[in-house]
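> Heads up: the protein sequence lines correspond to chains U and L, in order.
When we follow the working numbering, the leftmost residue of the first sequence carries the number 1, and every step to the right adds one.
When we follow the working numbering, the leftmost residue of the second sequence carries the number 1, and every step to the right adds one.
Among the clues, some could well be false.
[Claimed, not checked] The list that follows gives simulated cross-link-like pairs (lysine-lysine, DSBU-like), each with its CA atoms no further than 35 Å apart:
1) L:K392 / U:K228
2) U:K200 / L:K392
3) U:K260 / L:K396
4) U:K139 / L:K392
5) U:K314 / L:K36
6) L:K392 / U:K314
7) L:K396 / U:K263
8) L:K148 / U:K314
9) L:K396 / U:K314
10) L:K396 / U:K228
11) U:K200 / L:K396
12) L:K396 / U:K114
13) L:K269 / U:K314
No lab work stands behind these hints, which were simulated from the structure alone.
What follows is the residue order along each chain.
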Amino acid sequence: MAQTLGRVLQQGHHIEALVKAGVKDIVLAVNYRPEIMVSVLKKTEEELGISITFSVETEPLGTAGPLALAREILGKDDSPFFVLNADVTCTYPFEAFRDFHLAHGCEGSIMVTKVAEPSNFGVVVTKPNSTVIDRFVEKPVEFVGNRVNAGIYLFNPSILDRIELRPTSIEKEIFPAIAADHQLHSFDMAGFWMDVGQPKDYLTGTCLYLSHLTSQHSPLLADPKQHKWVYGGNVLVDPTAEVDPSSVIGPNVVLGAGVKIGKGVRLQRCVVLSNAVIRDHAWVANSIVGWNSNVGRWTRVENITVLGDDVTIKDELYVNGASVLPHKSISTSITEPRIVMCKLELYFHR
Amino acid sequence: MSVTKGVLLVGGPSKGTRMRPLTLDCAKPLLPIAGKPMIWHPLSALAKVPGLTEVIIIGFYEDSVLSGFIKDAKREFPNIAISYLREYRPLGTAGGLYHFRDSILRPPVPQNIFICNIDICCSFPFTEMLEFHSKHRGVGTILTVKVKREIATHYGSIVHDPATLQVLHYVEKPEGWISDMVNGGVYLFDRSLFDEIKEAMADKTARAAEDPLVQPDDMQKLALETDVIVPLAASKKMYVYQCKDFWRQIKTAASAVTASSLYLSRFAKTAPELLAPSGPTIISPAFVDPTAQIAPTAKIGPNVAIGPHCQVGEGVRVKDAIILEGSTLDQHSCVLNSIVGMNCHIGPWARVDGSPEPESGVKGQISVTILGTEVTLTPETHVRSCIVLPNKSLNKSSANQVLL
């Protein structure tokens, strides 16, 4: 029923997830035709019973232009199509997103995600008590909302009438026009790390709670007499967590179920959620490490960094105040606070 | 076989200011690159040239600065004579050579003379240059390097005839782009070079006599590039030998890390005995001084040089870095893309890192972190892309700044 246009190479399992949501045609918008991928995708086409087309830009067309280039395929019938940026993973809720889009019946839907400090981003502002998008505010100076564009869209083919075959920004030129016609809705990406609230407050709250446990002499806290790796107290460790005795943990640390802490790790003022792994000699402070995440050896993580579910940080990196969406793999240092969403490199690691 | 000699131009203390704070406590020619003094690299390459009898070092450092190195070098390279000639006033590169012409030309009288700046890092293809030089009838051969167009104007630009390899045109640091072939700072000259310098001096004096704007100070200085090579090129007496290997200038402290990596990779091919053997602790290439102590759980390399008497603790990580003599890295600390000066102390879980040296640096932006002598980092502090002056004790994290 629906079609998809991905801007860069997709790997098999991403395509599968889209196929589950009813996608039959896939258009890969690329600026050259990667021959290696052609045979792989041929196989995928046959296995999944879909058709994959390359749409090759001869000049950079921005974020909207490629849609006009693929007009013939996207506009062949009335069914809506997905548009994804390069780094989509299989776990995005495509089916729920499709149902949402079909239910509101308007021209387009944007998947949004909540962030703690939206001042560096384009914020999506909806009409009161509605999912209809009212306007976009680039780098807001005062708080207008905390939902930002996650780079995943669903459109009716009628959007193609708004796009000319020239370099065009979908965010800056096309979206404001659709929003002005009240034809654009926002869809909250659920199950995301931001569900814990503001990470900064979450950490502060955790410290208060741990201090409270200490004042109650709670048996839940790790006993420094029993564990020489406890430093400064206020350390809460799930019984199933494994901590190497050469590490130094605390003060104000929570380790979830199944967490593994390697040799010579140093943790303070942080929460490590279940089944995350902190590898040897890593240093983590003032941060939240998400479920199933993996922090590399000699990596330093600090300054309200929040890692989503299943994030991998490679060895020896420095991660400063990053908010990393689920399922990302980080292989270069993040030296200034930012949100890690769309990075091409992620493709080749997953 | 005809006699060949080598001249290494080391400059003096007023040079090397861009290498600060490293050169505050160590003369630039002696700065360890891949575990060896900067000057050692061209010297050891010269010592391998067939028929080379002597290397003369010319500069304006005090004799005592280089005497220790020269003593060691004489022991290491017993087949050649090594001496240092000190200029008492700056004469310019060609002026200095001419001033010491009698010393250079004393018996055994050389047919050919290599002239080499020491602040470059390359494989020094001296033997190949000598073979090429003996086949053409020019006065000199110049080592040329192909560089990126954007940075070509930072160097002496050379236009040559691709068929004959004759230099057609030479401009030192041109204002606009001329050629992406540049002067690599290594030359081989026939001994008639001194006649050419004499002529160049006479020319300059004659021109100065007609030009009232010339300062008497300028008169005494004669630069090899602008005053000698330019006229030699014009009279088609220079030839090019293109460097086929790596080539870098060592002008800034950050470039020392790049140069060190390049030399270490070269050692892996040409002199593996100089490198620490690969193993669970060492990722090759790495140089570890025999007097340094490395804990077995540390991980060192690639592209690391660790100096004498350093102490590297349990679980320490060092990569793309130079650790100078007498420094201590405590357990679980991490040093990446940095130079740690002499007798520094890096506390447990402290981190010293930077970004790799960019190909063309942006003014005011620090890439590689440089710690001066006797800098202390308290436990868990992080210093990123900083230049830290000697004797500082840092107890809080810093990034992108010069710490005075």
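> Enumerate the violated hints, using their earlier numbering and listing them in ascending order.
Hint check: 4 fails alone, others pass.
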